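If you read the sequences in order, they're chains S and W.
For the numbering used here, add 14 to where a residue sits in the first sequence, where the first one is 1.
For the numbering used here, add 1 to where a residue sits in the second sequence, where the first one is 1.
Be a bit skeptical, because a hint or two may be false.
[To be verified] Taking lysine-lysine and the BS3-like style, the derived pairs with C-alpha atoms no more than 30 Å apart in a straight line are: (1) W:K37 <-> S:K32; (2) W:K67 <-> S:K221; (3) W:K42 <-> W:K16; (4) S:K221 <-> W:K25; (5) S:K69 <-> W:K67; (6) S:K221 <-> W:K42; (7) W:K16 <-> S:K151; (8) W:K37 <-> S:K212; (9) W:K54 <-> W:K42; (10) W:K42 <-> S:K212; (11) W:K40 <-> S:K221.
[Stated by the list, open to error] Pairwise CB distance ranges (calculated): (12) W:E24 <-> S:W29: 39 to 49 Å; (13) W:I5 <-> S:N138: 56 to 66 Å; (14) W:R45 <-> S:T134: 30 to 40 Å; (15) S:L222 <-> W:D50: 14 to 24 Å; (16) S:I27 <-> W:R45: 35 to 45 Å; (17) W:L19 <-> S:G213: 25 to 35 Å; (18) S:R22 <-> W:L19: 35 to 45 Å; (19) S:W29 <-> W:S18: 42 to 52 Å; (20) W:D50 <-> S:W29: 41 to 51 Å; (21) W:E24 <-> S:N138: 16 to 26 Å.
Hints in this document: simulated from the structure, not taken from any laboratory.
Since the model is a prediction, treat every value here as computed from it, not as a measurement.
The beta carbon of each residue, even a glycine, is placed where N, CA and C say it ideally should be.
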Amino acid sequence: METTRKPRSISLIYWFVKVTFWIYVTASVIAMFLVVAILLFGMEDLQLHVGTPVKINVVEQGTLDVNLSEKLAEVKLVGLTGDVHFVNTPIEIGRIYAVFIFIIVLLFLYIFIIIKRFITNVYNGIYFDFNNISLLKRISYALIIIWLFLVFFGFFQYYFLIINMNFETVEFTANVQTYPVILLFALFIWVLSHIFMKGCELQEENKLTV
Amino acid sequence: MAIIVNLDVMLARRKMSLTELSEKVGITMANLSILKKGKAKAIRFSTLDSICKTLDCQPADILEYKP
Numbered sequence: 015m016e017t018t019r020k021p022r023s024i025s026l027i028y029w030f031v032k033v034t035f036w037i038y039v040t041a042s043v044i045a046m047f048l049v050v051a052i053l054l055f056g057m058e059d060l061q062l063h064v065g066t067p068v069k070i071n072v073v074e075q076g077t078l079d080v081n082l083s084e085k086l087a088e089v090k091l092v093g094l095t096g097d098v099h100f101v102n103t104p105i106e107i108g109r110i111y112a113v114f115i116f117i118i119v120l121l122f123l124y125i126f127i128i129i130k131r132f133i134t135n136v137y138n139g140i141y142f143d144f145n146n147i148s149l150l151k152r153i154s155y156a157l158i159i160i161w162l163f164l165v166f167f168g169f170f171q172y173y174f175l176i177i178n179m180n181f182e183t184v185e186f187t188a189n190v191q192t193y194p195v196i197l198l199f200a201l202f203i204w205v206l207s208h209i210f211m212k213g214c215e216l217q218e219e220n221k222l223t224v
Numbered sequence: 002m003a004i005i006v007n008l009d010v011m012l013a014r015r016k017m018s019l020t021e022l023s024e025k026v027g028i029t030m031a032n033l034s035i036l037k038k039g040k041a042k043a044i045r046f047s048t049l050d051s052i053c054k055t056l057d058c059q060p061a062d063i064l065e066y067k068p
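Working from the sequences, and respecting the hints, build out all of it.
What follows is the structure, given as structure tokens:
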């Protein structure tokens, strides 16, 4: 019987996904325990550390110390991405972020499960299969849901928290991040699923050609 | 599909079994079975040539169009 050797890259990706999946599952379980603790018990001394969905406006003047020419280059620092650290997190804010983490962790877990199944199929030599198309489409839809959720939560964070924060020397911009890369990636996978569909049809036709 | 495969009729006329045809033509039984049952989506000219040569017939004796 003819045996086909698996490409080494596929084997490497398969094992990488498998190991990453179990690391993610472990991290998810820990995150879920924290989320449940925040939702049920509140955790009074909670110190949240979250990324801002908008850039921070600063005007800091400096110099570029590279000997490209004799003239010293002057530079300005005008926009920063940053994190907000809540010294005393109000319980309501803690719960909002707990719900956000809960949904995001579950969505990514779902995507991870599908990716693992897809890679396992490829590892086992099942390439152009209708099940694989369904898996790719599900990854794409899940990514679109994640993108919508992140954009929605970004705007929610901005209007609920960021515009109500006051600092002496810095101010936030109004450009909320929209994560276009996630959307593009989702659309790319959706297109890929259609290419796989065509591959399946060709394979089926080839099988039924005598 | 409107194309009817009359392979079984030709086999009966030539008093030949599917296994015998398979051996003479060099096509697997599985593929011949697909052709006989009318499940095939396409047929190669080389296959048609071999079948016609073995059964001593014309392509029209095997394939028929019924609108």
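Task: Supplied distance hint 35 to 45 Å, evaluated on CB atoms of S:R22 and W:L19 - done: holds, 43 Å
Task: W:K37 paired with S:K32 [C-alpha distance capped at 30 Å] - done: violated, 45 Å
Task: S:K221 paired with W:K25 [C-alpha distance capped at 30 Å] - done: holds, 21 Å
TODO: Return holds or violated for the Cβ distance of S:I27 and W:R45 against the range 35 to 45 Å.
DONE: holds, 37 Å
Open item on the list: Tell me if the straight-line CA distance from W:K42 to S:K212 falls inside 30 Å.
Closed with: holds, 16 Å
TODO: With a cut-off of 30 Å on the C-alpha distance, tell me whether W:K54 and W:K42 pass.
DONE: It holds: about 22 Å lies between the C-alpha atoms, which stays within 30 Å.
Open item on the list: Run the distance test for W:K67 versus S:K221: straight-line Cα separation, threshold 30 Å.
Closed with: holds, 25 Å
- [ ] Compare the distance between the alpha carbons of W:K40 and S:K221 with 30 Å, and conclude whether the hinted pair is satisfied.
- [x] holds, 11 Å
- [ ] Sort out whether W:K42 lies within 30 Å of S:K221, counting only the CA atoms.
- [x] holds, 9 Å
Task: Satisfaction of the hinted span 56 to 66 Å by the C-beta atoms belonging to W:I5 and S:N138 - done: violated, 39 Å
Open item on the list: Can you tell me whether the CB distance of S:W29 to W:S18 sits inside 42 to 52 Å?
Closed with: Since S:W29 and W:S18 have Cβ atoms about 50 Å apart, the given range 42 to 52 Å holds.
- [ ] For the pair we were handed, W:K37 and S:K212, check the Cα-Cα distance against 30 Å.
- [x] holds, 27 Å
In this structure, the hints that do not hold are numbers 1, 5, 7, 13, 21, in rising order.
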